[in-house]
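The task is simple: from the sequences and hints, build the whole structure.
For the record, the sequence lines run as chains A and B. Counting in our numbering, the first sequence runs from 16 upward without gaps. Counting in our numbering, the second sequence runs from 646 upward without gaps.
Treat the hints with caution; some may be incorrect.
Derived DSS-like pairs (lysine-lysine); straight-line CA-CA distance at most 27 Å [as the list claims (entries may be wrong)]:
id : chain 1 : residue 1 : chain 2 : residue 2
1  : B       : K665      : A       : K55
2  : B       : K803      : B       : K824
3  : A       : K57       : B       : K715
4  : B       : K715      : A       : K99
5  : A       : K79       : B       : K715
6  : A       : K262      : B       : K665
7  : A       : K371      : B       : K1029
8  : A       : K57       : B       : K1029
9  : B       : K803      : A       : K57
10 : B       : K707      : A       : K84
11 : A       : K262      : B       : K651
12 : A       : K83       : A       : K57
13 : A       : K262      : B       : K707
Simulated from the structure, these hints should not be mistaken for lab results.
Next come the chains, spelled out residue by residue.
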Amino acid sequence: MTTPCISAPWAIFDVDIAHDIHSIETGQNQKGMGLLIRYKDKPVAFAMIPLAPGTILHPKDILKIAGKKAGNIMCERHISEELKVPVPHGLPSLTVAICTHNRSKRLARCLNSLTRIHRPRGFNISDLEILVVDNAPPDRATFQVAADYQGRLPNLRYMAEHHPGLDFARNRAIQEASGTFLAYLDDDVTVDSHWLEGLMEAWQENPDATAFTGAVLPYALDTKAQIFFEMRGGFQRGFEKIRYGQKLPGNPLYPCGSGIFGAGCNMAFKTDLLKTLGGFDEALDRGAPLPGGGDLDIFYRVIRSGQTLVYEPGFMVFHEHRKKIQELKHQYFTWGLGFMAFVWKSWKHDKKMKQKLVRLVDWWFKDQFKRIGYSLFKPGPLPLSFILAEIWGGIVGLAGTYPRSQKQIRQWQTRRDNTRI
Amino acid sequence: MPFPWKIVHLNLQKSLTALKVPENSAGLHVIWWFGDTPLGARYVGREELPLTPGRIKNMAVKAIAPSITKRLKDQTMEGLGVHSPWFMNDTPFCVLDHGPKPLNASQVSVVVCTRNRPHDLRTCLISLKKLSPPPLEIVVVDNAPASHETRQIVSCFKDIGYVHEPRPGLSIARNCGIKNVSGDIVAFTDDDVQVHPRWAARIQQAFHDPDIMAVTGLVIPLCLETEAQVIFEREMNGLGRGFVPRTFNRAFFLSKKKYGFWVWEIGAGANMAFRRKVFHRIGTFDTRLGAGAAGCSEDTELWYRLLSSGATCQYEPGAVVFHRHRAGMVELKQQIKAYLKGHAAALLIQFETHRDWGNLRRLFFQLPRYYTGLLCHACIFGFKGRYRLLFPEVTGFLSGIWFYINQRKEGD
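Shown next, in the form of C-alpha cells:
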C-alpha cells in the first residue's frame, strides 16, 4: 500500500504578520511547506502547502493565506484586545512534568526549549518547577541529561520511576509536584517560547477551569509519514479558544468522544484535582499490551467530575510525529485500541453515560466504514490499511484488553509487595 | 423550552462586571452593544451562570465578531482610506464611527398605524418623542377606531400628527399615512413597539447609497416572560434578523428567485422604511394583504416588487426597535395563523403579478414538504413547544389559498 503522492521533505516556516514580513522560499529539495502564521506572537493559523522546490512566497501571498485561514480569528483577537476586563491578581505556580523513557536526546531537546520560554509578567522564576520522571531507566543517560540542565533550569529535579508505564510516571509526578498546576509534556515535544504565557492567559480568562490543553503542531515535516499525518489534521484542534463545560451545543454524545479535548502530549491540570481523581489510570498507556487511552480517560473524568477544561491555542508545543509509515500505521492501531479500552473502562464505571458510550462505539465503527468507502472510491485521503489497522485496534480494545491489562498490573503489584516483605 | 428569560443589555464601552444567577428565570438573554449599536446576542442558560468578566468577554467576542467582521470587510471594499487588509485593523470598533458628520433624521417621516390599542400606543409615542435627533414628523394613523381614545392620547403629545382612516386594514392605513407625510424617507413602525432613541437617525444613515430604496432594522424582544413569547422568539426565530448588516440587491434576488425568494429574511414590518419616491414608481402596499385583510405579508410583497424592479434593500441592525411579543398562547396561535395566511396569499399574488414560478414552487412544494416533516416529528416526539403551533400554521396556509381564490372571484 502506498501513501498518496506526497514527496518529502517539507520546510516549516514561522511568520509573524504583525511585523515586517519577508518573502520566504522553499529550499532546492523541499517539496512544500508548513506555514505557521502568528499575529503579535500568538498563533492564528497553520497551513500545509505543497509547492515546487525554490518557490518564493511574497508578503502579499502570505497575507492572502492569513486572511483566508485566519481572518476571522484575528478579528476576534483584535476585538478581545479592545475589551478590557479586570484580570485576577497573581499567577499560580506551575510544575512541569516530563515523563520520558530511554530517549535522552529528545529529552535534551525538550529541556532546551524550556530554557527559552518567555515568562509572563508577574510570574516568578521560582514558581516554575521541572520534574524529569525517568520511566524504567535502562541506563544513566537520562539522568546525565537532567544533570546537565540543572544549571540552566533552576528548579529541575530528576526522579526514576521503576514501574514501566507512562501513567505510573505521571502519577509519580502528582506525588512529587509542588506547584498549584501540573503540566505534562511528552519527551518528543518542544515547547513554543510563548507556551507559558499561553497557559497563564487561559488561566486568567478562566480562573475556574482546572484543566488545560493546547495546540500541538509538527516539529518537523521531514518524512512522508510526518507530512501525511499532518495533512490528515495531525493533532490540530484549530486556533480558537474553546471552553469545555458540562454541555457542548451540537454534540449529542458529549462528553463522550474520541480526542475532542486535546492531546496528552500537552496538558495541564490543577494538582489537587488530579489527587482527588486518584491520578491517571495505570492500566492505560502501558506500551504493550495497552499503549494508549490515558489522556482520553483523564479528560473524560475531569469533565465528568463537573470541572471545566479549556483549550488554548497559545499554549502550544511542537510534536515530532512518527517518521516511518510503519510506525504511523502502528499508531493508528494504538489509537483504535486506546480509544476502545477507554470506552470499555468508562462503560464499566460510569453508569449514567452507558447509553451514550454505546452510541459512541456505534458512531465510531460507522465512521470508520464510511472512511473505508471513501478510500475505495476516492483514493487519496487515507490508505485502506491504516483504517483497517485502526478498526482492528478498536476490535482488540473491545475484546477485553483493558481488564487483562488491569489484571497484569495487579499481579505486578502483589509481586512487588511480596518481594518487599 | 424553559421560560422566562431575562433580557440583559451590556454596553461594551463600559468595563464588564460579573453576571449573577437571576431569580426565577431560565437564564439570561444577553445583548451586547457598543454605544448605541447592537452587535450580538447569546442565550446564557442558568447552568452556565454565574459568569466571570473574563468569560463574558470571551462570549462577547464570539457573539459580536460576525457583525464587526462584515462591517470591516464592507469598509475595506468601499475603500474609505483603508489600505491594509481588513483583518489587520487592530482598532476594530472604529468601524462603528459614523464619520465627522453629526447624525440627523431631518428627512424621516414616521408613520405609526394603530387600531384600538391606546395603551400600547401611548408607550410607543413616548419612545418616539425621545428620538434624538428628532425626525421631521410623526404621524399616527387611527385605523377604523371604535372610540375616541386614540385621538385623545395623540392630542396629549405635542407635534404628533393624527390622521383618521375609517376603512379597516393595515395596508389601507399605511397607504393613508404615505399620503399624509412629506419627508423623503417614510419609516413605519407598529403600536406594540418602542423605538431606540437613535432609530430614525440610523435609518436615514442607512440610506447613504442612492440605490437603496428600502431599509429594515433589528427587532429585539422587549421581554421574554411567557412561554408564547419564548417559543415565538427562540423557536420561530421571532422578528429579529440578526446583527450582521446585509444588502439585498437584484443579483441576489435573481439567484434566489427560482426557489421562492425568502423575502421575510429582509426584515419585519415593525421596523422598515422606504424612499417616498418608491411609492410613485411601483405603487403602495397591496390592500389585499396585511392585518385586517389576508393577515400579513404586505411588507414582504412590497420588498418583492422592489427587488424585482431592480432596487436594493438594506438590512441595518443599528436601527433598533423593541417589540412586545404576544403574551398568551391563544394570541400567538392567531398571529401565526395570520402569518401563514398572509404568506400563502402573498405568494399567489406575487405569482399573479410577476409570473415567477418560484412562488408556486414554494407554495405547493417547499411548504407542504416542510410541514409534513414537522408533523412527522411531532407525531413521534409529541406536540411540544413550537409544534403546538402546527395546526394554526397549516389552517392559516390553507385559508390563505382560499382567501386568494375568493378575492379573485370578487374581482371578477
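Is the hinted pair K83 of chain A and K57 of chain A satisfied, with a Cα-Cα distance of at most 27 Å?
Cα-Cα ~17 Å, so holds.
Straight-line alpha-carbon gap K371 of chain A to K1029 of chain B, limit 27 Å
24 Å, holds
Hinted pair, alpha-carbon criterion (27 Å max): K803 of chain B, K824 of chain B. Please report holds or violated.
21 Å, holds
So if I understand the rule, the pair passes when the alpha-carbon distance is 27 Å or less; does K707 of chain B with K84 of chain A pass?
Given that 27 Å is the threshold and the Cα spacing comes to 17 Å, the pair holds.
Straight-line Cα separation of K803 of chain B and K57 of chain A no greater than 27 Å?
Not OK: K803 of chain B and K57 of chain A at ~58 Å, beyond 27 Å, violated.
Checking one constraint from the list: CA of K262 of chain A to CA of K665 of chain B, max 27 Å. Satisfied?
Holds, because 19 Å separates the two Cα atoms, which is no more than 27 Å.
K262 of chain A and K707 of chain B were given as a pair; does the straight-line alpha-carbon distance stay at or below 27 Å?
Since the Cα atoms of K262 of chain A and K707 of chain B sit roughly 17 Å apart, the hinted pair holds (cutoff 27 Å).
Is the hinted pair K665 of chain B and K55 of chain A satisfied, with a Cα-Cα distance of at most 27 Å?
34 Å, violated
K57 of chain A paired with K715 of chain B [C-alpha distance capped at 27 Å]:
Since the Cα atoms of K57 of chain A and K715 of chain B sit roughly 23 Å apart, the hinted pair holds (cutoff 27 Å).
Compare the distance between the alpha carbons of K79 of chain A and K715 of chain B with 27 Å, and conclude whether the hinted pair is satisfied.
18 Å, holds
K715 of chain B and K99 of chain A: Cα distance at most 27 Å?
23 Å, holds
Can you confirm whether the C-alpha distance between K262 of chain A and K651 of chain B stays at or below 27 Å?
21 Å, holds
Hint check: violations occur at hints 1, 8 and 9; the rest are consistent with the structure.
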